[in-house]
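Keeping their order, the protein sequence lines are chains G and D. With my numbering applied, the first sequence covers 375 to 825. With my numbering applied, the second sequence covers 375 to 825.
Because the hints were derived from the structure by calculation, they are not lab data. Note that the structure is a prediction, hence the values are computed from the model and not measured. The reader is advised that the hints may include incorrect statements.
Chain copies aren't distinguished; within one or between two, either way the pair holds.
Dumping the calculated EDC-like pairs for lysine to aspartate or glutamate here, alpha-carbon to alpha-carbon at most 20 Å [as the list claims (entries may be wrong)]:
| id | residue 1 | residue 2 |
| --- | --- | --- |
| 1 | LYS567 | GLU530 |
| 2 | LYS539 | ASP562 |
| 3 | LYS598 | ASP624 |
| 4 | LYS591 | ASP624 |
| 5 | LYS598 | GLU646 |
| 6 | LYS788 | ASP756 |
| 7 | LYS591 | ASP620 |
| 8 | LYS649 | GLU504 |
| 9 | LYS531 | GLU444 |
| 10 | LYS499 | GLU483 |
| 11 | LYS433 | ASP600 |
| 12 | LYS567 | GLU590 |
| 13 | LYS598 | ASP620 |
| 14 | LYS609 | GLU463 |
Below are the chains, spelled out letter by letter.
Number of protein chains: 2
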Amino acid sequence: MTLALNINHLLNSIDPQVHREEIVALRNQHPSDIAEALEESDAQPSQLVEILSQIGNHKAVEAFAQLSIEMQQTCLEEGNAQTMLRFVENMEPDDRVDLLKAVDDDVREAIMPLIAQAERNAIRKLWQYEEGTAGAVMTTEYAMLAQNLTVSTALEKLRLQAPNKETIYYIYITDSERHLLGIISLRDLIMSKPSAGLDAIMETNLISVPHEMDIEKVAGVFSKYDLLAVPVVDKDKRLLGIITVDDVIDIIEAESTEDFQRISAVLPFDEEYFKRPLPRLFWSRFIWLAVLLFTSLLSTTIMEWNAAVLNQMMSLAFFIPMVMGTCGNAGTQSATMIVRGMALGEISLKDMGRVFRRELVMGLLLGGALGSMAYFRVFLQDQDIMLACIVAAALLATLLAANLLGALMPLALKKLKLDPALTAGPFIATIMDALGIAIYFQIAFSLMAIF
Amino acid sequence: MTLALNINHLLNSIDPQVHREEIVALRNQHPSDIAEALEESDAQPSQLVEILSQIGNHKAVEAFAQLSIEMQQTCLEEGNAQTMLRFVENMEPDDRVDLLKAVDDDVREAIMPLIAQAERNAIRKLWQYEEGTAGAVMTTEYAMLAQNLTVSTALEKLRLQAPNKETIYYIYITDSERHLLGIISLRDLIMSKPSAGLDAIMETNLISVPHEMDIEKVAGVFSKYDLLAVPVVDKDKRLLGIITVDDVIDIIEAESTEDFQRISAVLPFDEEYFKRPLPRLFWSRFIWLAVLLFTSLLSTTIMEWNAAVLNQMMSLAFFIPMVMGTCGNAGTQSATMIVRGMALGEISLKDMGRVFRRELVMGLLLGGALGSMAYFRVFLQDQDIMLACIVAAALLATLLAANLLGALMPLALKKLKLDPALTAGPFIATIMDALGIAIYFQIAFSLMAIF
Numbered sequence: 375m376t377l378a379l380n381i382n383h384l385l386n387s388i389d390p391q392v393h394r395e396e397i398v399a400l401r402n403q404h405p406s407d408i409a410e411a412l413e414e415s416d417a418q419p420s421q422l423v424e425i426l427s428q429i430g431n432h433k434a435v436e437a438f439a440q441l442s443i444e445m446q447q448t449c450l451e452e453g454n455a456q457t458m459l460r461f462v463e464n465m466e467p468d469d470r471v472d473l474l475k476a477v478d479d480d481v482r483e484a485i486m487p488l489i490a491q492a493e494r495n496a497i498r499k500l501w502q503y504e505e506g507t508a509g510a511v512m513t514t515e516y517a518m519l520a521q522n523l524t525v526s527t528a529l530e531k532l533r534l535q536a537p538n539k540e541t542i543y544y545i546y547i548t549d550s551e552r553h554l555l556g557i558i559s560l561r562d563l564i565m566s567k568p569s570a571g572l573d574a575i576m577e578t579n580l581i582s583v584p585h586e587m588d589i590e591k592v593a594g595v596f597s598k599y600d601l602l603a604v605p606v607v608d609k610d611k612r613l614l615g616i617i618t619v620d621d622v623i624d625i626i627e628a629e630s631t632e633d634f635q636r637i638s639a640v641l642p643f644d645e646e647y648f649k650r651p652l653p654r655l656f657w658s659r660f661i662w663l664a665v666l667l668f669t670s671l672l673s674t675t676i677m678e679w680n681a682a683v684l685n686q687m688m689s690l691a692f693f694i695p696m697v698m699g700t701c702g703n704a705g706t707q708s709a710t711m712i713v714r715g716m717a718l719g720e721i722s723l724k725d726m727g728r729v730f731r732r733e734l735v736m737g738l739l740l741g742g743a744l745g746s747m748a749y750f751r752v753f754l755q756d757q758d759i760m761l762a763c764i765v766a767a768a769l770l771a772t773l774l775a776a777n778l779l780g781a782l783m784p785l786a787l788k789k790l791k792l793d794p795a796l797t798a799g800p801f802i803a804t805i806m807d808a809l810g811i812a813i814y815f816q817i818a819f820s821l822m823a824i825f
Numbered sequence: 375m376t377l378a379l380n381i382n383h384l385l386n387s388i389d390p391q392v393h394r395e396e397i398v399a400l401r402n403q404h405p406s407d408i409a410e411a412l413e414e415s416d417a418q419p420s421q422l423v424e425i426l427s428q429i430g431n432h433k434a435v436e437a438f439a440q441l442s443i444e445m446q447q448t449c450l451e452e453g454n455a456q457t458m459l460r461f462v463e464n465m466e467p468d469d470r471v472d473l474l475k476a477v478d479d480d481v482r483e484a485i486m487p488l489i490a491q492a493e494r495n496a497i498r499k500l501w502q503y504e505e506g507t508a509g510a511v512m513t514t515e516y517a518m519l520a521q522n523l524t525v526s527t528a529l530e531k532l533r534l535q536a537p538n539k540e541t542i543y544y545i546y547i548t549d550s551e552r553h554l555l556g557i558i559s560l561r562d563l564i565m566s567k568p569s570a571g572l573d574a575i576m577e578t579n580l581i582s583v584p585h586e587m588d589i590e591k592v593a594g595v596f597s598k599y600d601l602l603a604v605p606v607v608d609k610d611k612r613l614l615g616i617i618t619v620d621d622v623i624d625i626i627e628a629e630s631t632e633d634f635q636r637i638s639a640v641l642p643f644d645e646e647y648f649k650r651p652l653p654r655l656f657w658s659r660f661i662w663l664a665v666l667l668f669t670s671l672l673s674t675t676i677m678e679w680n681a682a683v684l685n686q687m688m689s690l691a692f693f694i695p696m697v698m699g700t701c702g703n704a705g706t707q708s709a710t711m712i713v714r715g716m717a718l719g720e721i722s723l724k725d726m727g728r729v730f731r732r733e734l735v736m737g738l739l740l741g742g743a744l745g746s747m748a749y750f751r752v753f754l755q756d757q758d759i760m761l762a763c764i765v766a767a768a769l770l771a772t773l774l775a776a777n778l779l780g781a782l783m784p785l786a787l788k789k790l791k792l793d794p795a796l797t798a799g800p801f802i803a804t805i806m807d808a809l810g811i812a813i814y815f816q817i818a819f820s821l822m823a824i825f
């Protein structure tokens with residue numbers, strides 16, 4: 375925060391001495407901190423680029439890369455192409471493509487011809503991969519060597535390659551057609567005899583991911599094998615790029631934010647809480663609430679149909695919140711467990727039968743236990759056996775239904791190639807509310823007709 | 375899965391040829407895959423240790439380290455101390471302490487004297503840190519050098535240290551009292567002139583974390599600075615250990631699973647879905663549902679108090695699900711956003727005023743918009759202006775209340791040093807249901823008295 379205040383100080387001062395001091399102070403900071411301070415300060419995009427240019431070394435380039443993509447986009451759209459070139463050229467290839475996809479067409483067309491030919495080719499290659507796949511988050515700046523080298527020549531070559539590579543902690547060994555033959559960690563390279571051949575020390579039992587793999591699955595591969603980077607390959611096992619662990623952490627965090635938003639019925643958004651403009655925040659919340667409000671009218675309609683039953687026994691109304699709430703809670707419990715289990719790869723489609731049996735038993739147990747509790751509460755308080763029986767039977771039936779639906783719907787959605795996380799949200803809960811109320815009145819109607 | 379079937383094949387066969395073949399097949403697998411296959415197979419703990427012993431090389435040790443802590447615990451408790459020693463001695467120090475904390479006292483007392491003195495000291499040191507802090511997840515196996523070395527001697531020393539260190543990609547430079555002076559990445563070391571002094575090339579602008587820092591915050595540091603490892607220091611900046619990025623990924627995943635469970639009202643548990651025994655799963659769900667059921671009786675009581683109003687206008691009951699649901703949804707929306715924002719470090723306690731103003735405006739906007747929608751639905755369907763006014767006014771008031779409560783409660787809990795994530799769960803939603811119903815009947819009572 376202090377750093378951001380310093381930047382504001384610099385912006386508001388015309389004293390060249392202040393300028394020099396503040397710029398020197400910035401130079402000594404970590405690029406991530408410089409980026410954070412610039413975002414928090416009052417600097418306009420043009421001033422921001424100006425400050426970065428004055429920092430003027432490798433750190434400015436890194437700080438620009440750490441800015442949010444929205445901020446980078448504004449800078450690029452407002453700055454002149456020549457000034458921005460240095461920043462854009464030095465970004466990581468995957469982030470650069472994301473930025474170039476975000477900016478206006480004319481801005482992109484102004485800067486593209488200035489970028490070196492080799493870099494332009496890399497951009498075109500990365501451009502084609504679909505969002506959310508391994509190909510879209512990989513970088514093309516990895517260390518690659520031929521297998522016929524010795525350890526000492528490999529280290530020599532690596533010293534030359536290193537400044538331009540995102541990581542040199544894994545070295546990828548390929549043939550002339552870029553088929554991936556093996557991997558050597560820098561650690562193993564350092565520890566091997568200088569005269570040893572790379573083909574003798576490389577690990578050939580490779581872990582790689584296909585370019586079309588979902589990035590959530592890629593995150594699972596990292597967490598299972600404790601990797602720092604993973605190679606991305608095409609269907610002929612040719613090396614296309616690598617994904618590094620720092621990108622994976624960002625992916626995991628973004629995915630769980632998205633899941634949280636879905637569960638809490640907010641349309642997904644990327645910005646930080648305070649940075650999201652009020653109208654857009656309103657919109658992403660309003661849409662969902664309106665959909666849910668109309669869905670909840672299902673319950674209203676069901677109750678209107680059952681007005682006669684309600685007239686006959688008004689105290690039925692008192693337990694609607696209990697039946698609705700318990701039913702919704704149980705459904706959400708099982709849905710969330712299954713969704714999370716699927717996300718972590720513990721549950722797959724073929725487990726449907728097992729999940730059904732497990733949740734059938736669980737629903738009966740929970741329904742029996744909670745139904746008995748409710749029976750005693752109603753009976754002791756209202757001295758009404760009929761009401762107590764209705765509430766208890768309704769709890770058993772609705773809990774069973776909600777539990778099974780909650781567990782099986784994520785699997786069903788997966789089968790339909792939809793996102794299972796949708797079910798853990800309030801839309802299903804609202805439909806379950808209506809289902810619960812329908813079951814409740816149906817049971818009341820039947821029991822009152824019999825006795 | 376095939377690998378697990380192979381292991382079952384091995385267990386069920388008495389043919390020594392089959393044994394040899396399956397063991398050779400296992401030897402060629404990644405340690406993580408061997409561990410996964412062993413967990414999925416029918417192998418008893420004693421058979422599991424037997425199979426690992428036969429694999430007999432470095433991979434067996436690594437595979438043991440990848441087993442779940444429950445499985446490691448059973449192996450350790452059932453195997454003999456002498457056999458288990460090799461596996462325990464080669465675990466990472468932080469995981470080893472977790473395991474030794476988990477096993478029975480007598481098992482621990484049997485194995486501890488067998489462990490080498492230096493390792494025993496490391497265990498004692500790590501033992502003292504509180505769960506959930508940086509100290510509890512750090513490892514003591516890091517590469518450390520003195521600053522007066524040259525690059526070439528540093529590389530020599532590193533070659534000797536490397537086999538025992540968890541990572542050598544950062545080298546920590548300390549003085550004789552272990553005060554952290556600087557960090558050199560292996561990359562920079564490789565790229566520097568062999569004759570350069572470490573003190574000249576080390577980065578002194580250090581990022582480190584105190585041992586008592588919450589691990590969720592540590593994860594935030596990794597994601598902000600794109601680190602592979604971070605040093606953990608005491609209050610005098612003496613180096614205590616390091617945390618590596620693979621542990622951080624596990625931490626992030628465990629924390630979000632815990633948050634999901636909390637939001638969906640399941641008591642937190644660590645096991646995978648199918649591995650959790652049914653009685654314990656029942657228990658972790660039942661407790662919450664029972665608490666929520668009793669909480670929902672609040673709503674019942676409020677409705678019983680208002681029986682007279684309900685008798686006078688029974689159609690009020692029809693809109694209870696709508697008022698309850700919308701109120702709960704809006705509260706969950708704002709609570710989840712704030713909780714997530716706090717977890718990601720975007721919102722802190724000092725932002726309370728800003729959050730209040732923002733959510734006050736948001737509540738009024740949402741309440742106004744949804745209230746008008748409900749007004750027209752009720753009026754068009756039921757032709758009852760009074761009912762329409764009651765429902766609309768109730769929606770406005772309850773949305774405003776739920777929105778503010780949802781946003782401010784996480785901050786209030788944080789101030790009370792409780793976990794803010796508690797508020798995003800269904801307990802608060804159930805209390806909000808009751809609040810919504812109370813407001814609804816209060817408004818109905820007032821409007822019906824006036825007109």
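Structure-based check of all given hints:
1. Taking CA atoms no more than 20 Å apart as the test, LYS567 paired with GLU530 passes in both settings, with 14 Å inside one copy and 12 Å between copies.
2. For the identical chains of this complex, LYS539 and ASP562 are neighbours both inside a copy (19 Å) and across copies (12 Å), given an alpha-carbon limit of 20 Å.
3. In this assembly of identical chains, the alpha carbons of LYS598 and ASP624 lie at most 20 Å apart whether taken from the same copy (17 Å) or from different copies (9 Å).
4. When the C-alpha separation of LYS591 and ASP624 is checked against a cutoff of 20 Å, the pair qualifies both within a copy, at 14 Å, and between copies, at 15 Å.
5. In this homomeric assembly, LYS598 and GLU646 come within 20 Å of each other (Cα to Cα) only across copies, at 14 Å, whereas the closest approach inside a single copy is 30 Å.
6. In this assembly of identical chains, LYS788 and ASP756 lie within 20 Å of each other by CA distance neither inside one copy nor across copies; the values are 46 Å within and 40 Å between.
7. In this assembly of identical chains, LYS591 and ASP620 lie within 20 Å of each other by CA distance both inside one copy and across copies; the values are 16 Å within and 16 Å between.
8. With identical chains, the CA atoms of LYS649 and GLU504 are never at most 20 Å apart, being 27 Å at best within one copy and 36 Å at best between copies.
9. With identical chains, the CA atoms of LYS531 and GLU444 are never at most 20 Å apart, being 38 Å at best within one copy and 46 Å at best between copies.
10. In this homomeric assembly, LYS499 and GLU483 come within 20 Å of each other (Cα to Cα) only inside a single copy, at 17 Å, whereas the closest approach across copies is 59 Å.
11. With identical chains, the CA atoms of LYS433 and ASP600 are at most 20 Å apart between copies only, with a shortest distance of 15 Å across copies and 30 Å within one.
12. Taking CA atoms no more than 20 Å apart as the test, LYS567 paired with GLU590 passes in neither setting, with 39 Å inside one copy and 41 Å between copies.
13. In the homo-oligomer, the alpha carbons of LYS598 and ASP620 lie at most 20 Å apart both inside one protomer (16 Å) and across protomers (9 Å), since each shortest distance falls under that limit.
14. Proximity of LYS609 and GLU463 under a CA criterion of 20 Å is satisfied in neither setting, with 30 Å inside one chain copy and 42 Å between copies.
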